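Assemble the whole structure, with the sequences as input and the hints as a guide.
Residue strings, one per chain:
Protein chains: 2
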Amino acid sequence: MSGILVVGSVALDSVKTTAGKSVEALGGSATYFSLSASYFADVALVGVVGEDFPREHKRALERRGVDLDGLKTVKGKTFRWSGKYGKDASNAETLATHLNVFKEFKPVLSDAQRRIPVVFLANIDPELQSEVLAQMKGPKLVACDTMNYWIESKPAAIKKLLSKVDIFFSNDQEAMRLTGAPNGLQAAEVLADWGPSVVVIKKGEHGALMKVGSKFYVYPAYPLARIKDPTGAGDTFAGGFLGYLASTGVHDDVAHLKRAMAYGTTMASFNVQDFSTKNIEALERDLIDERFHEFADGLQIPRAESLAKSRRAVPA
Amino acid sequence: MSGILVVGSVALDSVKTTAGKSVEALGGSATYFSLSASYFADVALVGVVGEDFPREHKRALERRGVDLDGLKTVKGKTFRWSGKYGKDASNAETLATHLNVFKEFKPVLSDAQRRIPVVFLANIDPELQSEVLAQMKGPKLVACDTMNYWIESKPAAIKKLLSKVDIFFSNDQEAMRLTGAPNGLQAAEVLADWGPSVVVIKKGEHGALMKVGSKFYVYPAYPLARIKDPTGAGDTFAGGFLGYLASTGVHDDVAHLKRAMAYGTTMASFNVQDFSTKNIEALERDLIDERFHEFADGLQIPRAESLAKSRRAVPA
Numbered sequence: 001m002s003g004i005l006v007v008g009s010v011a012l013d014s015v016k017t018t019a020g021k022s023v024e025a026l027g028g029s030a031t032y033f034s035l036s037a038s039y040f041a042d043v044a045l046v047g048v049v050g051e052d053f054p055r056e057h058k059r060a061l062e063r064r065g066v067d068l069d070g071l072k073t074v075k076g077k078t079f080r081w082s083g084k085y086g087k088d089a090s091n092a093e094t095l096a097t098h099l100n101v102f103k104e105f106k107p108v109l110s111d112a113q114r115r116i117p118v119v120f121l122a123n124i125d126p127e128l129q130s131e132v133l134a135q136m137k138g139p140k141l142v143a144c145d146t147m148n149y150w151i152e153s154k155p156a157a158i159k160k161l162l163s164k165v166d167i168f169f170s171n172d173q174e175a176m177r178l179t180g181a182p183n184g185l186q187a188a189e190v191l192a193d194w195g196p197s198v199v200v201i202k203k204g205e206h207g208a209l210m211k212v213g214s215k216f217y218v219y220p221a222y223p224l225a226r227i228k229d230p231t232g233a234g235d236t237f238a239g240g241f242l243g244y245l246a247s248t249g250v251h252d253d254v255a256h257l258k259r260a261m262a263y264g265t266t267m268a269s270f271n272v273q274d275f276s277t278k279n280i281e282a283l284e285r286d287l288i289d290e291r292f293h294e295f296a297d298g299l300q301i302p303r304a305e306s307l308a309k310s311r312r313a314v315p316a
Numbered sequence: 001m002s003g004i005l006v007v008g009s010v011a012l013d014s015v016k017t018t019a020g021k022s023v024e025a026l027g028g029s030a031t032y033f034s035l036s037a038s039y040f041a042d043v044a045l046v047g048v049v050g051e052d053f054p055r056e057h058k059r060a061l062e063r064r065g066v067d068l069d070g071l072k073t074v075k076g077k078t079f080r081w082s083g084k085y086g087k088d089a090s091n092a093e094t095l096a097t098h099l100n101v102f103k104e105f106k107p108v109l110s111d112a113q114r115r116i117p118v119v120f121l122a123n124i125d126p127e128l129q130s131e132v133l134a135q136m137k138g139p140k141l142v143a144c145d146t147m148n149y150w151i152e153s154k155p156a157a158i159k160k161l162l163s164k165v166d167i168f169f170s171n172d173q174e175a176m177r178l179t180g181a182p183n184g185l186q187a188a189e190v191l192a193d194w195g196p197s198v199v200v201i202k203k204g205e206h207g208a209l210m211k212v213g214s215k216f217y218v219y220p221a222y223p224l225a226r227i228k229d230p231t232g233a234g235d236t237f238a239g240g241f242l243g244y245l246a247s248t249g250v251h252d253d254v255a256h257l258k259r260a261m262a263y264g265t266t267m268a269s270f271n272v273q274d275f276s277t278k279n280i281e282a283l284e285r286d287l288i289d290e291r292f293h294e295f296a297d298g299l300q301i302p303r304a305e306s307l308a309k310s311r312r313a314v315p316a
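Keeping their order, the protein sequence lines are chains L and U.
So the first sequence is numbered by the numbering used here: it starts at 1 and just counts up by one.
So the second sequence is numbered by the numbering used here: it starts at 1 and just counts up by one.
Worth flagging that the hints you see were computed from the coordinates, not collected in a lab.
Any given hint could be a false lead.
[Unchecked claim] Covered stretches of chain U (chain L as the covering partner; in silico rule of three or more C-beta atoms under 8 Å from a C-beta of chain L):
(1) 183-194
(2) 206-214
(3) 224-233
(4) 256-263
Please read all numbers here as calculations on a predicted model, not as lab measurements.
From the three backbone atoms N, C-alpha and C, an ideal C-beta is built for every residue, glycine too.
What follows is the structure, encoded as structure tokens:
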């Protein structure tokens, strides 16, 4: 299988939702992405944790075959985030963020890591994302994400980064904030002008849209009446999306990109059905493909054998 | 073509949006529904207007072949509504509602109207909706919509009505309010328990979902980066949906219902591209079918010739 390099956060998350809570559970953008992509491609994770990072969390990633050579353990505490979700599962209220060892994160890639063909720059300081990208040796596909914190503090660095990436993932609120556009579709138009040939706008429970060239492709979320914890859905989506593309080696064809959207959607749907990474640690590819096909079947509008004849207007 | 009877409001709307405004333009739930359905089926409209209702508005409906035998003109002023939309086109702020002649609306159907096979009870007092339905003689398909005003004031009457209809249309906010459910999917579950075999939840720019039996079918809106006036989109959706079903005579098959969702979506997308009924007065069935197919094509996830092989987890 082809490889993906992901650079991002590995964290301990404490989350409260209407369905319950989790305390210091495995989290972080690189974690969700890696687990999700691991069902499709070889994944190498670059990140940092503190000495307090539980051994069992590393094992969870290793069990999925994620290469942890790039996960450094340094003196200090692991990045912690806590948040809660109300009835509206789309928006987390952040209760606390402790960057801890993540504050000093300055990834230096090994030679092997620099040669990995697909790279996902998960949401970290956009200047750091650019520095990591500069270390890569001829990547075939570069994708990134960002978040509100960087949109407020370093918008110019994000814009500079976007001129060098192929695929940009963003949630709709962040995309509108970054561009000043009044909706996700117009935001995607502006973002595409800044560089990426593919812009993916994630809309949580409302699905996701993709702009490729001049065309939009819009999909709903996989319908789930009940979810437990939306944390990490966006990175899980990106993991399914890029994992699938990496597995095919085809990165710019609309049919592949549409399937990537559906795999991203499928992986995100599994993720939100349980707390933390519980559900995406223990999937089988068959289960994934089953839901992928169910999702695709639901979207399929059967062609009419013979469409009803045109109604002629009464002469005025 | 098969016929549809629609009972609802015919109004003069004054609307302000970020794209401009319209003053005392043709509006009302029965108007939008009729114009939209007229591209698929014969439509008979039952409603009431005042003596001030412009002749040109009647002509607009007549040009689309809408049967206006049931549109009574009575002494007084036509129902007027004014509202405005901000950046968020999903929610109108009502500035003024003057029911005028609509206050005394008590439809008595003619014998011919009672025998029309498909009936749409657009959003009027739910007790009135039930009275109209009681006048029908063996309708093949009964659908209705409602709105916040009736949900607040007559929820029991709505519930009673729903036990007698086949298809219920509602927007997501109203469905959640009516049922107390935290999202559109759970609201649809509750509403289906109350009677309708098909529940359609409209989500504005986020598309629509349909519950049929135990299954959900969720579709995005047709992607439009710029819209002018969302007024009437819900009734235009219902017109395309029911118009298509009426034209086929098949009302309970999933393939037909999926196409109905896509026709509803297509008609709504045309409607929001211009103010009032401007755009849906002057369509051609070919244009409608072209956008319908474009929408269906966008949703189609191409099957992979050979899906990437399952990734085997590293033995733990």
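For each hint, the structure was consulted:
no.: 1; hint: 183-194; result: holds (count 4)
no.: 2; hint: 206-214; result: holds (count 3)
no.: 3; hint: 224-233; result: holds (count 3)
no.: 4; hint: 256-263; result: holds (count 4)
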